Amino acid sequence: MEGDGRKTKTVCVTGAGGFVASWLVQRLLSSGDYTVHGTVRDPSDPKNGHLEALAGAGERLSLFKADVLDYASVASAVAGCDGVFHVASPVPAAKTQNPEVEVLAPAVKGTQNVLKACHEAKVRRVVVVSSAAAVIMNPNFPKDAVLDEDAWSDEDYCRNTGMWYCLSKTLAEREALAYAEKTGLDVVTVCPPLVLGPLLQPVANTRSLVLINLLKGDRDTVEDKARNMVDVRDLADALILVYENPEASGRYICSAYRKRLSEMVDIARSFCPDLNRPKKFVEAEDDDRMMRSRKMEALGWKFRAVEECLRDSVESYKAAGFL
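Taking the working numbering, I'd label the letters of the sequence shown as residues 5 to 327.
Source of the hints: derived by calculation from the structure; they are not laboratory data.
Take the hints with a grain of salt, since some may be wrong.
What the hints assert, rightly or not - Restricting the straight-line Cα-Cα distance to at most 30 angstroms, the calculated cross-link-like pairs of lysine-lysine (DSS-like) are:
#  : residue 1 : residue 2
1  : K69       : K120
2  : K99       : K229
3  : K99       : K263
4  : K113      : K99
5  : K284      : K322
6  : K99       : K13
7  : K120      : K186
8  : K283      : K263
9  : K69       : K13
10 : K147      : K284
11 : K13       : K147
12 : K220      : K186
13 : K99       : K11
14 : K306      : K263
15 : K299      : K147
Computed from a prediction, not measured in an experiment: that's the story for all the values here.
Could you put together the complete structure from these sequences and hints?
The following block contains the structure:
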């Protein structure tokens with residue numbers, strides 16, 4: 005397809021209306037190099053209006069009605085694409101009643117459907133968005149361990165402790181890499197931790213609520229957990245980087261900072277003193293393990309300062325009326 009007199013590459017982004025995927029679509033369109041097929045549950049739903057309002061969307065964005073559990077709808081969206089970014093995956097906000105149906109099946113079967121469609125369509129490369137949840141949940145790791153791409157969450161531990169999201173991301177990522185090994189499909193996986201940053205979509209996603217709820221100050225006592233984080237804009241850049249770089253292969257951790265919740269609040273309040281603060285932070289037992297992103301940085305990935313990430317997050321939450 006021609007865009008501004010130059011030929012564009014066509015890529016598909018699954019779950020295009022979500023927090024991470026929306027920024028990925030924005031980055032792809034703003035480069036001028038891409039035409040985007042975005043999958044959503046309902047293209048006419050007003051909650052997807054922010055996608056159609058993006059610069060370049062009128063000419064180079066097509067929304068496809070698709071469910072990752074429906075192979076035919078996925079195959080329709082993937083057809084004619086040079087590459088695919090598989091971002092769609094359920095992130096439960098509350099305790100799930102039926103994890104096999106609500107969390108595990110969409111993550112694992114959905115990934116299988118996307119990979120099969122990509123293989124059939126002879127897609128050049130698939131970038132699968134996994135999670136640090138597939139890296140750090142293993143009780144056998146020492147508390148002071150610094151984890152790299154060889155680290156995997158323990159599936160039995162996740163299942164036995166009811167950490168269904170962690171299990172879903174672990175199973176889905178393993179499936180993606182196994183499928184690549186079996187078929188020769190070029191698959192790269194990216195594992196981000198807690199993703200913060202400004203919102204493009206009109207609703208607060210589960211991960212953004214971590215910071216929003218902290219800054220509401222309506223909880224007396226909060227465990228002062230250390231959390232690994234990355235800005236959503238830097239993550240979107242990382243996804244495009246591993247897609248475009250021919251040397252990218254296998255698995256990548258994409259983490260920029262590790263801060264305690266109290267530090268996050270203090271940074272946010274340093275430029276916005278009217279924000280609330282939990283009355284008391286207490287020592288936490290289950291800190292995130294430290295992770296390194298050396299493999300990603302070796303590709304040339306860079307990330308903004310944590311202060312910029314938190315400032316822009318808070319300004320976005322305020323503008324949306326969440327704070």
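Verification of the hints:
Restraint check for K69 and K120: the C-alpha separation of about 18 angstroms stays at or below 30 angstroms, so the hint holds. A distance of roughly 20 angstroms separates the Cα atoms of K99 and K229; the hinted pair therefore holds under the 30 angstroms criterion. Note on K99 and K263: the hinted pairing holds, with a Cα-Cα distance of about 26 angstroms set against a maximum of 30 angstroms. Proximity of K113 to K99 is assessed by CA-CA distance (about 21 angstroms); at most 30 angstroms being required, the pair is judged to hold.
At roughly 23 angstroms between alpha-carbon atoms, K284 and K322 fall within 30 angstroms of each other, so this suggested pair holds. Simply put, K99 and K13 have alpha-carbon atoms about 40 angstroms apart, too far for the 30 angstroms limit, and the pair is violated. Proximity of K120 to K186 is assessed by CA-CA distance (about 12 angstroms); at most 30 angstroms being required, the pair is judged to hold. Under the criterion of a C-alpha separation no larger than 30 angstroms, the hint pairing K283 with K263 is consistent with the structure, at around 19 angstroms.
The suggested pairing of K69 with K13 holds, with an alpha-carbon distance near 21 angstroms, which does not exceed 30 angstroms. Between K147 and K284 the CA atoms are separated by roughly 24 angstroms; this keeps the pair inside 30 angstroms, and the hint holds. Using a Cα cut-off of 30 angstroms, the hinted pair K13 and K147 is violated, with the two alpha carbons roughly 44 angstroms apart. Distance hint between K220 and K186 is unfulfilled; the C-alpha atoms sit about 49 angstroms from each other, more than 30 angstroms.
Under the criterion of a C-alpha separation no larger than 30 angstroms, the hint pairing K99 with K11 is inconsistent with the structure, at around 47 angstroms. In summary, the hint linking K306 to K263 is supported, as the alpha carbons are separated by about 18 angstroms, within the 30 angstroms threshold. Proposed proximity of K299 and K147 is supported: the alpha carbons are some 22 angstroms apart, at most 30 angstroms.
The structure shown violates the earlier hints numbered 6, 11, 12, 13.
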